[in-house]
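Undergrad: Those protein sequences? They're chains C and V, same order as listed.
Numbering of the first sequence is given in this note's numbering, commencing with residue 2 and proceeding in unit increments.
Numbering of the second sequence is given in this note's numbering, commencing with residue 2 and proceeding in unit increments.
Worth flagging that the hints you see were computed from the coordinates, not collected in a lab.
Backbone N, C-alpha and C define an ideal beta-carbon position, used for all residues, glycine too.
Honestly, I wouldn't trust all of these hints.
Which chain C residues face chain V? A few, computed with CB under 7 Å, are given here [to be verified]: (1) Cys44; (2) Leu45; (3) Gly49; (4) Gly132; (5) Phe273; (6) Lys277; (7) Val279; (8) Ala314; (9) Val316; (10) Ala318; (11) Gly325.
If you want the building blocks of each chain, they are given just below.
Number of protein chains: 2
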Amino acid sequence: MASIEMIVAARARLRGHARRTPLLSSPFLNDIAGRRIFVKAECLQHTGSFKFRGGWAAVSSLDPAVRARGVIAFSSGNHAQGVALAAKLHGVPSVIIMPSDAPKLKIANTRALGAEVVLFDRATQDRDALGAELSAERKLTLIKPFDEPQVIAGQGTTGLEIAEQAEEEGVRAAEVLVPCGGGGLSSGIALALEASAPTFRVRPCEPYGFDDTARSLASGQIERNATLTGSICDAIITPQPGNITFPILRRLSGAGIVVSDDEALRAMAVAFTRLKIVVEPGGAVALAAALFHGEQLDEEDAIVVTSGGNVDADVFAKALALHG
Amino acid sequence: MASIEMIVAARARLRGHARRTPLLSSPFLNDIAGRRIFVKAECLQHTGSFKFRGGWAAVSSLDPAVRARGVIAFSSGNHAQGVALAAKLHGVPSVIIMPSDAPKLKIANTRALGAEVVLFDRATQDRDALGAELSAERKLTLIKPFDEPQVIAGQGTTGLEIAEQAEEEGVRAAEVLVPCGGGGLSSGIALALEASAPTFRVRPCEPYGFDDTARSLASGQIERNATLTGSICDAIITPQPGNITFPILRRLSGAGIVVSDDEALRAMAVAFTRLKIVVEPGGAVALAAALFHGEQLDEEDAIVVTSGGNVDADVFAKALALHG
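Turn these sequences into a full structure, and let the hints guide you.
TA: Now the structure itself:
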């Protein structure tokens, strides 16, 4: 199980490798939100998202002999790049299984980060069988994207930094809004804050129609999304909360907050104008929640994680054209 | 005169007020440039540019009784916002004299940061006479944009941070590429590095056609730009190097590097895709120099300052459409 001890150990392993991303602020954001807002800019992490933390934590935790054989991951996005770079910097091979219709740039980036990319046809091939075959053949270790204790521990290092940086800013109590897919980042931060800033509370944020975590938290049991397509917030769309992450969130987090795609785009434009950072739609849902759904927050101060910035130029230009 | 002692003193006054901006990197940048590149992201500074440092350093250095009467500045851009916020946070009034045809958003932002904005008509009014009249009447202190020792000292704190952060990254010798208008940032960084990282050398960077500093360094005396309009790099267009800044650059900096507007736009797109930061055209010229004019660099490592991110959405969208 993921624990604060694992998060502290992960922080030691990440030191000098992961970036301590800044906690940004702007009086203009405070004016829009009607409260103080602080933005933990994980889009500035290596590979453009927090996923590098979990990738590094998992790869670095492996027994050296096991690690040397290599790692494998399924991902068409941020987890792929995080694991690929972590493996490359450890000098071990990585295999990333991606759908053949994934964006060419993401495939190229993952290859450029040193991974062997294996493409599969969504219509005709069984991704899991392909992965199992490759893993068995080459004795690769699977790095799951969120439901894996070392990955949760790596993401949780974000929470330790939030606690330190918020104290420097004089924040005494806050709600910590986190974009939530499978819940690796939210649950890791929740564990970190339970130990290091117990007056802070995580609030998972999701797009309308893909609010499996919000509904699961409301019902007390794991609920699934009706569909997995149709949101621009692709980075945080998962079938359901994880079996490891959900119990952590049920114990520690407040209610979920749900935002529209348009609000996510608007938050991207605000981040462009006021913070000078690039945020992808899924990475902007927590900022959107703080800016446009403040009535759902109890504490005076809000800390927001912008979890990733891997957005195509045309989507970003659309956000600016609509709301810039 | 500006000195390392003034820079160290300015750093102490800026602590807890200015942001220690991150030093970013990406393997993809290194691949384009053919060397290691580190990016000092001053676009993430308060008000979106390094100008807050100089504004804070100058305002905080004033005798409290003098400061209480207020400050005044001429600027249509980043200096206006830096001085306005520094004055506001000191609880003293600021008057910013701006041309009446300045972008509405910049006027609105400067007002929102607490300044009294006085507009003048470029065609019919004498800006300096207007400023002198207001200063005399209200006993305001003029904060010049670059040719002012305390402003140079404030900008120089960027150089102290570069020296520390580069050491953490294992950089032993480097050329430090800095967008250069009047030379406040370049000369401040040069003074800071002379004391704290003497194997580092500043290289001022400018757009084609507005390369007064490069030509002045080549001739050994102050040269003027032929014109002041027609570049998209508006933030760094000045008539000539400063009388205080130029002797510092002549003594300490290497040759200037000149880039095209299109290269600046290309560098903005690279910063979007690879670093997830928003850089304005003038703030991107040093990154453009490192990426596209590497043959003019001697050292293996390059450190680049992205000095500001206050760019309109349509200009940014253009950079992405052309090069994203």
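Undergrad: Would you mind marking each hint as holding or not holding in the structure?
TA: Now for the hints, and whether the structure bears them out:
1. Cys44: Nearest chain V Cβ about 4 Å off; hint holds.
2. Leu45: holds (6 Å)
3. Gly49: holds (5 Å)
4. Gly132: violated (26 Å)
5. Phe273: holds (6 Å)
6. Lys277: holds (3 Å)
7. Val279: holds (4 Å)
8. Ala314: Holds. Min distance 3 Å.
9. Val316: violated (10 Å)
10. Ala318: Check passed: Cβ of Ala318 of chain C comes within 5 Å of chain V, closer than 7 Å.
11. Gly325: holds (3 Å)
Of the numbered hints given earlier, the model fails hints 4 and 9; all others are met.
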